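Can you build the whole structure from these sequences, using the hints too?
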Amino acid sequence: MSSTPKTIQFEEKHRWLKMGIIVFLGMVFFLLNIALGSVFIPFKEFFKIVFGLGSDKLAWTNIVLNARLPQAVTALLAGAALGAGGLMMQTLFRNPLAGPSVLGVSSGASLGVAIMILFLGVQVGNINMFSQFAGNFSIVIAAIVGAVMVLLLIGMLAGRFKNNTVVLVMGIMIAYAVSAIVGVLQFYSLKEDLQTFVIWGLGSFANVPRGQLQYFSIAIIGGLLLTLLISKPLNAMLLGENYARNLGVNTSRIRYIIILLTGLLTAVVTAYCGPIAFLGLAVPHLSRNFFKTSDHLVNIPGVILIGGLMALVCNLIARLPGYDGALPINAITSIMGAPVVIWIIIKRTDFRADV
Amino acid sequence: MNCVLKTYDLSIGYHLKRGEDKILHRNIGLDLYGGEITCLLGPNGSGKSTLIRTFSGFQAALGGDLLINEKSLNQYSAKELSKVLSVVLTEHPVVGQMNVFSMVAFGRSPYTGFLGKLAKEDYHIIEKALENAGITELRNRQFQSLSDGERQKVFIAKSLAQETPLMFLDEPTAFLDFPSKVEILQLLRKTAWEQNKAILLSTHDLNLALQFADKIWLMGQDKPIVTGVPEDLVLSGKFANYFDHKNISFDKTTGTFTFDAATKQAIVVSGQHIKLDWLKKALHRKGFEVLNENGGSEPLTLVRFNLEKDVFELKLDNSVNGFNHIEELIEFLLGGESNTTSLATPSRSGS
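For the record, the sequence lines run as chains A and B.
According to the numbering used here, the first sequence holds residues 1 to 355 in order.
According to the numbering used here, the second sequence holds residues 1001 to 1351 in order.
Treat the hints loosely; a few may be bogus.
Straight-line C-alpha distance at most 30 Å; calculated DSSO-like pairs for lysine-lysine [as the list claims (entries may be wrong)]:
#1 B:K1128 with A:K292
#2 B:K1117 with A:K18
#3 B:K1120 with A:K13
#4 B:K1120 with A:K18
#5 A:K292 with B:K1117
#6 B:K1117 with A:K13
#7 A:K292 with B:K1120
#8 B:K1128 with B:K1181
Source of the hints: derived by calculation from the structure; they are not laboratory data.
Computed from a predicted structure; not experimentally measured.
See the structure below:
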């Protein structure tokens, strides 16, 4: 009788410890992200800048505070948002292979972006094209609309075809179809617009300028907080729609909330950073395996922390000192993420499990 | 007895496209009482699941009304309904990284707060549900590592933790081995009696339903639903009526179903002994027509049981053969059919 609460408290203690480890690693990588880069800054100077004392060299202060810091914050938030989006999609579709980049949600957002840049010719400057480009709210809105449209379509299909594999294949097909439309748009677009779009598609956390960072942060943090609030109905959804309904969950409403939140989080990240591959798919699995639970009350903070950490790690690798500039972030997330997914599939004894 | 659920003139079925309705059953008037197990029987496609889904509020009734505790189902909010009825569905979701305790804890979900944190009392209720379902020792096991029967019990425990006066179970005994089926039904009967719950379950295990059900509802395609106490349904012939099939017939005396096979030969089995009862079953299975001794003319083939020698004695054409086992006797009879000459020289005659 008394052993149960003990075990649960024991588990919870472990959870706090695990959270602590990830928070610590996150802080380490956050600091590394702003300390390291193509320009070498001595540690002493770096700490002076970090603690607000300023450096003798104005350029260094500029690099740390105006380039690397926003980039690190963007990576942290983008990783967290994609992880949360992936978690919600895997729960909603009860499918371990669901994720923003797999089910065409990122493609939907891309289509929105493509229509704005390539078709409507939303002006994008040449010199600081990314900041102007990403700063354009119409593009962010278009991305959200595109992502939510694809999610609604997949949600409809998932309602009709209960089979997970069918939904997954349809999602992949939708992604292809949407990409094809983007391809047609590219074919008819101007060279300069096309270049902007292609570079955006490679992904980067460096595209959110300091002046835009607060909007980006508010959207992501707001979305994540709302996600935390629906952890209880999300848990019930693990049992499937009928059981969830029998536990008092308004399933059709929660479905739309999940779709809107996932759409918002994925689309904002995609609009600013490009379609980032694999993070959304891999992070929820890392969290579930690390915390040994499917409880969303644990996993939502879990994916936020692990997602942020993974994005910081990827961003650091992309900008390791020695490169001239930065590698596309998508190359890194794919190289890191694809083996993680394969490892999950091979390793999991519970492959029959829905989530 | 308290009536927990009552239907008036209920119609169940599906909304099809183009606005048409496919009505499976109409004018249904049924009652569920606290402290009783009601078994829902009927062939596949007769609408058992549809009825349970309609009762659970998963799909709308196509007409009539459904009252739970004298309040219409439509007037319940999702939250209120979750405290009145709990379901155990046919297919269990397979959730990874979830232990049995957490699965059962879902039953407390209608009662917990915004984030679903369990209070001390919730822990107590979950423990009790685990105990009542007999799965206390599984508490820390991973749900997906359990057998089908254990998973079924976990969901029943979840349902118990939900503390609802009504419990609906859609084929809880499907896919289980026989002892597990009995165990599940015993558990449900205990629950119904001790906690005064009204339990409705659909099943294909007719024999078990006859033994465990307080009431039986018979559903068939294009037939009205028949209800009653199992014994009454058997005696009135309604039970047999619902399941009579070309080759299947229901034996009122034994309460079992028999399968008619083309009869090859009539054999009279004489006497009363458990071994003769089992011999009759074996002969029946092999397609012989088994007759009881009628005292008339001496039959051609007759089997008796010799208690002293512990052998079956087969009298055939004035010769008597003894057999220790049913297998030998059957082989002898079947062999004799194909080759009559061997009758004269039985290869294995006992003592």
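(Q) Are any of the numbered hints broken by this structure? If so, which, sorted upward? (A) Violated hints: none at all, because every hint is consistent with the structure.
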